[in-house]
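K.L.:
Going down the list, the sequences are from chains A and B.
The opening residue of the first sequence carries number 1 in my numbering; numbering runs sequentially from there.
The opening residue of the second sequence carries number 1001 in my numbering; numbering runs sequentially from there.
Since the hints were derived computationally from the structure, they do not count as laboratory data.
Idealized CB from N, CA, C, for every residue including glycine.
Just so you know, not all the hints are guaranteed correct.
[Stated by the list, open to error] Quick list of the computed label-pair ranges, beta carbon to beta carbon:
hint	chain 1	residue 1	chain 2	residue 2	range
1	B	Ala1315	A	Val37	43 to 51 Å
2	A	Trp369	B	Ser1116	43 to 51 Å
3	A	Glu269	B	Glu1090	49 to 57 Å
4	B	Glu1090	A	Trp369	32 to 40 Å
5	A	Gly289	B	Glu1165	25 to 33 Å
6	A	Thr41	B	Lys1151	49 to 57 Å
7	A	His294	B	Ala1166	17 to 25 Å
8	B	Glu1165	A	Phe260	48 to 56 Å
9	A	Trp369	B	Asp1150	37 to 45 Å
10	A	Phe260	B	Arg1171	48 to 56 Å
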Amino acid sequence: MSGILEFVKGCVRQVLSGGRAYKAWMAFLLVMIGVGVVSYTHQATAGLIASNMRDDVSWAFYIGNFTFLVGVAAAAVLLVIPAYVYQWKPIKEVVVLGELLAISALVMALLFILVDMGRPDRFLHIAPLLGTPNWPASMLTWDALVLNTYLGLNLVLVLYLLFKTYRGEHYDKRIFLPLVLLSIPVSISTHTVTAFLYNGMAARPYWNASILAPRFIASAFCSGPAVMIILFQLLRKAFKFDIKDEAIWKIAELMSYAMFLNLFLLGAELFKEYYSATEHLLYTQYLWGGIGEHTVLVKYAWLSLACSVIAFLLFLVPRTRKNFLTLNIGCVLIWAGVYIEKGMGLIIPGFTPSTLGQIYEYTPTRMEWGVAGGVFGIGFLTFTILVKIAVPILVGTFRAPERAHGHAPAAGYPVP
Amino acid sequence: MTPNKSLPVVTDADAPPASPRDGVDPIGDGPLDPARRAFLRTAAAGTAVAALASCSSGVDMEDFLRKHFKELSPDELKKVLAKVEKRNQERFGKKTTVSAKGPQPGVEYGYGLDISRCVGCRRCVYACVKENNQSRTEPQIHWIQVLEMDKEHGVDLAHADLYYEADAVPRPGKFYFPVQCQQCRNPPCVKACPTQATWKEQDGIVVIDYDWCIGCRCCMSACPYGARHFNWATPNLPAEELNPDQHYLGNRPRPKGVVEKCTFCIQRVREGRYTACVEVCPVGARKFGNLLDPESEIRKVMETKRVFVFKEELATHPQFYYFYAT
Ligand code: SF4
Ligand code: SF4
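The shape of chain B in the complex, shown without the other chains (with noise of 0.2 Å):
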């Protein structure tokens, strides 16, 4: 048996391409009493801190005392920022630009997926990883799970494959069922935390406070489409493949004993791009939009195309939607 089956790495590189990130707007609800609480933790901390830091690596006092992410007030948001930036740069050696851009207002994504033109080709799982930095190998760790299925057995668990290895896809009798966070409107991993380190953005999007996260893996076990995944080693990634176009609550570099996800690429999303996946299918099998505007593809699909959500009967209320157009 072994412990972890993996998919071939793909490490070919034609980097995406880069754009300067501006944004700097602190997101959320706003502050709760921050003053109050980074008080009592700074007193309560003092002796705690000492033994368990040096349990694992890489923390120090400041992280240590650190507020929830929506109650850093704009400034302090400027300085967490800029220390990730600079510990991107003593890690890898290269400079990165990490926003922290919120939701644009009027804006709630949505993701169709075309299964009758899905052909199993995994292009964009590889172009995830690279996109949202990824590590690559012993963890390799992909936000995008491809299934195999039968056509005889319909869109059924017991009978997918998620380890497919074809010389040519797709195979006759397959088709294929590609999986990935279904940013659902009644998320069972953000009830599941206990500690508020993941939730759902104005926009849609579910995040995850990457330096909030206790590793609990809580709500791994909650989230029924398999779409979180734990840094159970330090990520692998390789300094030359570092996309330095970075989003605080999206792709910059995740530390171990944490939990990450699929955000849409909230780093390009949020800038008016479309997600990775989306730009490198290659039968156009995805589609992608703002489900307010009457006019985005995402909504032309809805209105024309039959669409269903994957396990509808766990009332989740997924924002990605399977369908069949032809």
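For reference, chain A alone in the conformation it holds in the complex (with noise of 0.2 Å):
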């Protein structure tokens, strides 16, 4: 027990103590905390009228970064399977990572949701044994379970880990090895559950196409690496922690293969709506080509595929792809792409038209980006504390003091 608190202690210097650059991050973080807490009050007193969400478009700024972020926790798995089921060492290395961004981005996703409830404080009615869960019906209670189920189970994994590796010991592989494997599925199933809850109302052609799971789990594939990527290049920079240039690479690699399934799915939902031209085209053609003087969306469209493909032919080609000033930039390129699809692009032509066919034309009010702003200010926070507890504990600076001086384990996982 004493062991446990010497290590909270631990956590504490490791996050308090940093450099004058960690601590404007910090700063700069806490502000954009702040404004999200501001805008969120102002919210809470005049309700969601402060946004431009209406009846015609009942959902929209909150819930596609909520979609966007859900993809980006899902990727984990990309790092994930080559660790532990291929044993690929220079992933096995940064595996953790990838599972502290799926915890940071769990806690964004959640909290969208959160910020999306006309009544936020009746949240546990959707709770087991609390409330009254509509289960199995209600995709969103499905999303829930899965959301929390994955969570839960990142942050046990990642814990004892950690906690193990300060302590210097190896990991039982016997609770290790099951918990990883079963991430696996659970984090397939949260994205796939999610893209379930648009993809099951008949209400709204858009969404109602059966490609829509696997296109979510596509560009998953896509953004969330690419936002790994950058990291690591940062990671390593910040704290000599040795990421080898081999899995940066192999990421790329794989990521470029998740962008091809991306646009030829992609290509195969719009050759169908508009080779079949049927009243279900109004929804495609608000995105790409607007309904008469109605374009907001249409600038937003080219854009992010624009970025797609771009960052798809810097990726396909090797000699771009390791290279790293065209791997960082395809890597933005990526993320704006996908940001762009699963903000704006997926969830508003879903409700424009309108069921009734009117047309009501969303763009977020400044209260609605000051609350993302703050959502996406904690979610940051949670990863910085994070990364600063778990690199060191990698690296071995950080260790129990007992087994401080003792043997210097490389860098990563104890290897068993």
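Take the two lone chains, each set in its own frame, and fit them into one complex as the hints suggest.
P.N.:
Now the structure itself:
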């Protein structure tokens, strides 16, 4: 028990210490969170009328962000599979960072659901035993279930592993591996169930296409790793954490397959809509060409496509994939492409035109940006804190006192 | 771009006839181990409530710990109703009666709408607003929406206009297509709701417990008829226009942050009266009755006219029928 207390104290010390850049970053995050709190207070008093959502477009920016972040979280499997199933060492050394990213992304995703609720004080009504969850019929109950399970799993895995490494002990394979293996299907199902949340609604033809869940997974495998690749480079600069180039290139290679799939599925969907040209075409048309003078989304749609295509080309050619400048440009582009696609391109056209054929053009208000900024602030803060604790443990500079001068283990996972 | 297109507001008062409600019969399928659930909730909620209750106004511990409507015992229900009445009194300075009268055996409501007669005057829209205590302005909530359509296109939503403004109706070349909750037999909204805050009653009315709804709006995304409306802000309801004859699952004043919808005027029809929209329609385009009664008006319509349902391909099986009488 005293060991745990010691560990917690050590963690707090780790988080509080840091150079000027670190302090400035933390201050910046706190400001973002502050803006978020102020905006949210305004929303809580006035009601969701302070957003630009209305009956015709009743889910929008918040839910778009939620969807994107679930994708980022799900992408951790792209590291977990090569690391644990194929025992590929370069990735095994960084997989824990992927899991930390998943935790932070899930925290943000859940917060976005909370800020979107009209009555967040009643959140317990959805909880098993305490409330009356509509299970198994409602997709949102499923979503709450898988997201929380995935969050719990990742937390247990990461904390267990870090604590063991901190103590200089080996993790117990019999506990660890089953949980890791379980986390693979759970992570896929988080994004699948999120897709089903939209997919299952016959009232919204734009979402009611069976290709939706595969498209979600494909785009998640582009956007999540894009964030990771950039983070890895930052971390190895900041912490002298040895992340091998091979690990990054392997992830980039996997991403190029995912991008191909993502673009192919998009093409398949566009073909079906434009060639058959039934009344369902309207929604797709609203996104890509606008309807009459209603063209708010069109520039975003094409921008997103351009980002994705350019990024795909950069990732496809081995020379640009292995050049860090072009690789990073590709990451930013793919990230932007998927963010726009999920944020603006998925949710809004689902509602436009409305079920009664009316067009209401939505753009987020400043308040919505503020609240979203706050949520991102909390997520980044979570990630920063987790990394600040995890990396020193992984590189061996933060150890239980009695072990500090013992054998110096190599970076990354203790190899059993 | 205006974020909120709205229609002219009608506020002239000719209050609907008042009649006191009696029944306080609990409805639904009966309690499901309410005691255990309540205990668990009390235990878990203690800490959470303090933080959260302060976020949205008007939350108190009693509300927070309340059970799902269907789990309330008759005694608890009585208390809950008394509380709503007390709150109405405080907020509007007016005495109200809030009933929770349940579905009557052998009754299943059906609605008929004669498209060849409807002239698009929107009287039904405003009668509904008044009867059901909807928010008048900012936000303006209408449970009935009347679409103006081109005769040459037929029922075609891509050419439908909800916000038509006309000096005189009907306009040449146009016809009118009112839409409200179709009380689906296979309601997508009920399936989508994560908390069972909305359900279908035995007499066919799809209801919402406003004190159980978490405001997630899944039901709005799922409804193919745009029949569900969210309280984006606290409803704007002038005290002098409050309809004091209320039903717990129908026209009692709603808080902000929850969803509401047409309930076939549950407070009227369970007392054997017509809905407000049927009563007000100047051309008699609206028919209402008990589908299980062969003598009812709605059954006559179904037997002698060719009826159709809206968005039939979605298999929601509405209890709301459209027909052309002429
Ligand atoms: S019309 Fe809409 S609100 Fe009414 S039952 Fe059908 S889906 Fe539900
Ligand atoms: S908004 Fe309310 S009624 Fe609608 S799905 Fe959510 S909890 Fe259920």
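K.L.:
Decide, hint by hint, whether the structure agrees.
P.N.:
Now the hints, each set against the structure:
Roughly 46 Å separates the CB atoms of Ala1315(B) and Val37(A), a value that falls within the hinted 43 to 51 Å. The supplied range of 43 to 51 Å is met by Trp369(A) and Ser1116(B), whose beta-carbon atoms lie about 49 Å from each other. A beta carbon spacing of about 54 Å between Glu269(A) and Glu1090(B) agrees with the range 49 to 57 Å that was offered as a hint. At about 37 Å, the beta-carbon gap between Glu1090(B) and Trp369(A) stays in the expected band of 32 to 40 Å.
A beta carbon spacing of about 29 Å between Gly289(A) and Glu1165(B) agrees with the range 25 to 33 Å that was offered as a hint. Thr41(A) and Lys1151(B) have their C-beta atoms about 51 Å apart, which keeps the hinted 49 to 57 Å range intact. Judged by the Cβ atoms, the range 17 to 25 Å given for His294(A) and Ala1166(B) holds: they are separated by roughly 23 Å. Judged by the Cβ atoms, the range 48 to 56 Å given for Glu1165(B) and Phe260(A) holds: they are separated by roughly 51 Å.
The hinted window of 37 to 45 Å between Trp369(A) and Asp1150(B) holds, with their beta carbons roughly 40 Å apart. A hinted range of 48 to 56 Å for the beta carbons of Phe260(A) and Arg1171(B) is consistent with their spacing of about 53 Å.
The structure meets every hint from the earlier list without exception.
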